Amino acid sequence: MTGDTPLLELRGLDKSFGGLRVIAELDLVVREHEIVSVIGPNGAGKTTLFNLITGLYRPDSGEIRLDGRNLVGLAPHRITDLGVARTFQTLRLFLNMTVKENVMAAQYGQTKVGVLRSMIRTPGARKEEKQIHRLAEEKLSFFGDRLMGYRWDQFAYSLSYANRRRLEIARAMATEPRVLLLDEPAAGMNPRETHEITELIGKLREDGGYTILVIEHDMHVVEGISDRVVALDHGVKIAEGSFDAVATDPRVVEAYLGLRRAETK
Amino acid sequence: MAADGTGPEHLSAPADAPDSPRIGVDEWVASVEGKRERYTGVRGAVLREWDRLPMAVRVLVFALPAALFPLVTTEGNLFRYGLFTLVYALLALGLNIVVGFAGLLDLGYIAFFGCGAYMYAILASPQFGNHWQAEAAIPVVVVFTALVGLLIGLPSRRLFGDYLAIMTLFFGQAFVVFVNNANRISFPFVGHADLTGGSNGIANIDSFNFFGYVFYSTKQQYYFLLVAVALVLILLAFINDSRTGRAWRALREDPLAAEAMSIPVNRLKLLAFVFGAATAGFTGAIYGTIATAALPGDYDVGLLITIYAIMILGGFGSMMGIVVGAVIVSSVPELLRSSVNARPLFYGAILLAILVKLRPWRRLAAELAGLVAFGFALHAIASAAYPRLVDGNAIGSGAFARGLNHWMLIPRDVVKIADVAYIVLVAAIVIYPQLSRLWQAILLPPLLYLVMFVWENLLLVHIGGATRLILLGALLVALMNIRPQGLFGKAYVEIV
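Just so you know, the sequences run in chain order E and P. Here our numbering = 1-based position in the first sequence + 20. Here our numbering = 1-based position in the second sequence + 114.
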């Protein structure tokens, strides 16, 4: 199921904030239909990596390629149009819009009808509007009955925390991405919800056909979903490979737990 | 979804997952929130029915009474209440695109209104000897103001919040200064030209002339405006319910997330600016022909505040609220010009305030009785000891006014005493909140009496203009306390 063609390719990526080097000479390849997890202690540069890929930050040097096309320097909404969508670690839903509207708004880049045509509701505009509704319902149905029915017309702020996380994923899906970047999808969830998210990420790959890059702290989730795991510390890739290999890598253990004097001597 | 193997096989489900009931904590939270959202009782039923009505019907609910209004009123009243209400409504609808939909705090909005009026004046007045037909002039005015909107939007498109507000406020003020001074610009080739008439403005603007049919009368102008408002309402409702409207709301909620969700934030901000400016320019052309003159003073901060008051009163983002807000803000100050209308509202407001604020009932009754007794006692003592304090002009006719004449002191030389009372009142209001609860309770009746004394002897009778603005201000303050989101607005939730 995992293809061999590299879909997302980072080469020599570098980013500093003032004197602080957050990402240093990072190479990373994500192949089509692969699920790659990025782990690392707090401040390792994981979210910065996402911000660089989605164009919210501009790298100091290095290349980001999606299917061979360089993404560096493009506006974030252009990058999303080309097929990279993300969720946010600190949920950033459109809180005062309804659940369905949240998903519909994210289809802006996929739709064409201009403001003058929608102002007078031409047949073309009506048709497209219907399609937007249909697609939004389709994306929301991906989460079972969690976001269905009466929930469509509820405001996003009235959703529970777990449902907000789900809605963020649905919203990202609505941009029709090829690569999904999930920033801590299981943060703040109870064990059952965490389990559900783990299954969901698998389903996203199987049924949705997405390639997934995910930041996660919960090692059970990482173990459950990852084809490959990449460990970052201070912006440097310190390990890469299968979960078992990375989890037992002494440098990863050191990054998480610190150096043991007895061993280093 | 059940644990039936869509996820990786080696992951075992937590103990509580299989076959446990679906209703978890998050379901409970959602259902409680949902219940809180839903309106109940008569109000809920009415609101739900209202939401179900088609757009055209909702517009008709407003348009029909408005269309019948000229039949029951005089030409003068139609001008005072009707025309200005509609002009304000149209202006506020345009501002609503920028502030309500897209969430951009635009304080230079009135400049676009002025641009429209001046542009129409240049195209259709003796100033340059142009007398364009309205069907040609209005599109030119709208496109011109839209371009000005684009021009002002371009440098400010990266700004948000306070920074955008300051920038646009600057443009608004620059516009006023410009039209005040643009009567002696020297152009290359053309030489001196009087573009705006300076502080005298441009006078004798033509009435609208559509294909030879001229809108002379107030009634014609009123119906033209009414159709314009209804049309703009419908068009904006359609935009609001389209991908552009959703993108605007998304950008109001969270610009960064909107950008990450494929919405070109900068372009949409510009678009909101341009649409707001075009609506304001259109309104400006109409206002120019109604007022038959374009004067620099008409496009200053005062009008901006009025338009914002309409939006705040009606509720940001709600178009029906804005129409209602325009009706209230434009007609209440006009109605309050006469003391016959102002007096019941004033006493009603005070009565309502103490009815709402004073608890328990025994205290409320005691304070009310104290207030009434205080007035009669003071009146009785004064008429016995200092007759000069009570033999001023009687308040008016009617049972309430006759009663008031035996209760309120009306001195012979009103102004001297009322001025002193006014200063004492300001001091008393400053000191009152600092007192202990007991003294507050004891001094409340005299304080209220003092408020009414100043009102009857100074504000209502001698400064009529202040009276109506104070009442309108009090109305707005009261509403903001009761419904911060405005009459028809939705309360926005910032952080949960």
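Keep in mind the hints are simulated off the structure, nothing from the lab. Source: prediction; values computed, not measured. All C-beta atoms, glycine included, are put in the ideal place defined by N, C-alpha and C. You may find that some hints are simply not true.
What the hints assert, rightly or not - Okay, derived cross-link-like pairs now, SDA-like style, lysine to any residue, Cα gap no bigger than 25 Å in a straight line: (1) E:Lys150 / P:Asn354; (2) E:Lys150 / P:Val565; (3) P:Lys604 / P:Leu586; (4) E:Lys132 / P:Val257; (5) P:Lys471 / P:Val565; (6) E:Lys150 / E:Phe162; (7) P:Lys604 / P:Lys333; (8) P:Lys604 / P:Val173; (9) E:Lys132 / P:Lys333; (10) P:Lys604 / E:Arg225; (11) P:Lys333 / P:Arg162; (12) E:Lys147 / P:Val346; (13) E:Lys132 / P:Glu367; (14) P:Lys604 / E:Gln174; (15) E:Lys257 / E:Lys147; (16) P:Lys604 / E:Lys147.
Unchecked claim - If you anchor each label on the Cβ, the simulated ranges turn out as follows: (17) P:Val171 / E:Arg146: 34 to 44 Å; (18) P:Ala170 / E:Ser81: 52 to 62 Å; (19) P:Leu161 / E:Met168: 32 to 42 Å; (20) E:Arg31 / P:Pro269: 53 to 63 Å; (21) E:Asn90 / P:Pro269: 54 to 64 Å; (22) P:Pro269 / E:Val92: 54 to 64 Å; (23) E:Arg146 / P:His245: 33 to 43 Å.
To see whether the hints hold, each was checked on the structure:
Only pairs whose Cα atoms come within 25 Å are accepted, and lysine 150 of chain E paired with asparagine 354 of chain P is accepted, the gap being roughly 15 Å. The straight-line distance between the Cα atoms of lysine 150 of chain E and valine 565 of chain P is roughly 60 Å, outside the 25 Å bound, and the hint therefore fails. The straight-line distance between the Cα atoms of lysine 604 of chain P and leucine 586 of chain P is roughly 23 Å, inside the 25 Å bound, and the hint therefore holds. At most 25 Å may separate the alpha-carbon atoms for a hinted pair to count; lysine 132 of chain E and valine 257 of chain P meet this at roughly 23 Å.
Our distance criterion of 25 Å between C-alpha atoms is met by lysine 471 of chain P and valine 565 of chain P, whose separation comes to about 17 Å. Distance restraint check for lysine 150 of chain E and phenylalanine 162 of chain E: the Cα-Cα separation of roughly 19 Å lies within the 25 Å cut-off, and the hinted pair is therefore satisfied. Restraint check for lysine 604 of chain P and lysine 333 of chain P: the C-alpha separation of about 35 Å exceeds 25 Å, so the hint is violated. In summary, the hint linking lysine 604 of chain P to valine 173 of chain P is supported, as the alpha carbons are separated by about 20 Å, within the 25 Å threshold.
Among the hinted pairs, lysine 132 of chain E with lysine 333 of chain P is inconsistent with the structure: their alpha-carbon atoms are about 42 Å apart, more than 25 Å. Between lysine 604 of chain P and arginine 225 of chain E, the direct Cα distance comes to roughly 39 Å. Violation of the 25 Å bound is thereby established for this hinted pair. Our distance criterion of 25 Å between C-alpha atoms is broken by lysine 333 of chain P and arginine 162 of chain P, whose separation comes to about 36 Å. Between the alpha carbons of lysine 147 of chain E and valine 346 of chain P the distance comes to roughly 23 Å, so the proposed pair stays at or under 25 Å and holds.
Restraint check: the Cα-Cα separation between lysine 132 of chain E and glutamate 367 of chain P comes to about 22 Å, which is no more than 25 Å; the hinted pair holds. Simply put, lysine 604 of chain P and glutamine 174 of chain E have alpha-carbon atoms about 13 Å apart, close enough for the 25 Å limit, and the pair holds. Between lysine 257 of chain E and lysine 147 of chain E, the direct Cα distance comes to roughly 48 Å. Violation of the 25 Å bound is thereby established for this hinted pair. Taking the CA atoms of lysine 604 of chain P and lysine 147 of chain E, the gap is about 29 Å. The hint is violated against a cut of 25 Å.
Range check, valine 171 of chain P to arginine 146 of chain E: Cβ separation about 19 Å, and the 34 to 44 Å hint is violated. The supplied range of 52 to 62 Å is met by alanine 170 of chain P and serine 81 of chain E, whose beta-carbon atoms lie about 58 Å from each other. Distance hint check for leucine 161 of chain P and methionine 168 of chain E: the Cβ-Cβ separation is about 24 Å, which falls outside the suggested range of 32 to 42 Å. Arginine 31 of chain E and proline 269 of chain P have their C-beta atoms about 37 Å apart, which leaves the hinted 53 to 63 Å range violated.
The supplied range of 54 to 64 Å is broken by asparagine 90 of chain E and proline 269 of chain P, whose beta-carbon atoms lie about 30 Å from each other. Range check, proline 269 of chain P to valine 92 of chain E: about 27 Å between beta-carbon atoms, so the 54 to 64 Å window is missed. At roughly 42 Å, the beta-carbon separation of arginine 146 of chain E and histidine 245 of chain P lies within the given 33 to 43 Å, and the hint holds.
Violation of the numbered hints given earlier is confined to hints 2, 7, 9, 10, 11, 15, 16, 17, 19, 20, 21 and 22; the remaining hints are satisfied by the structure.
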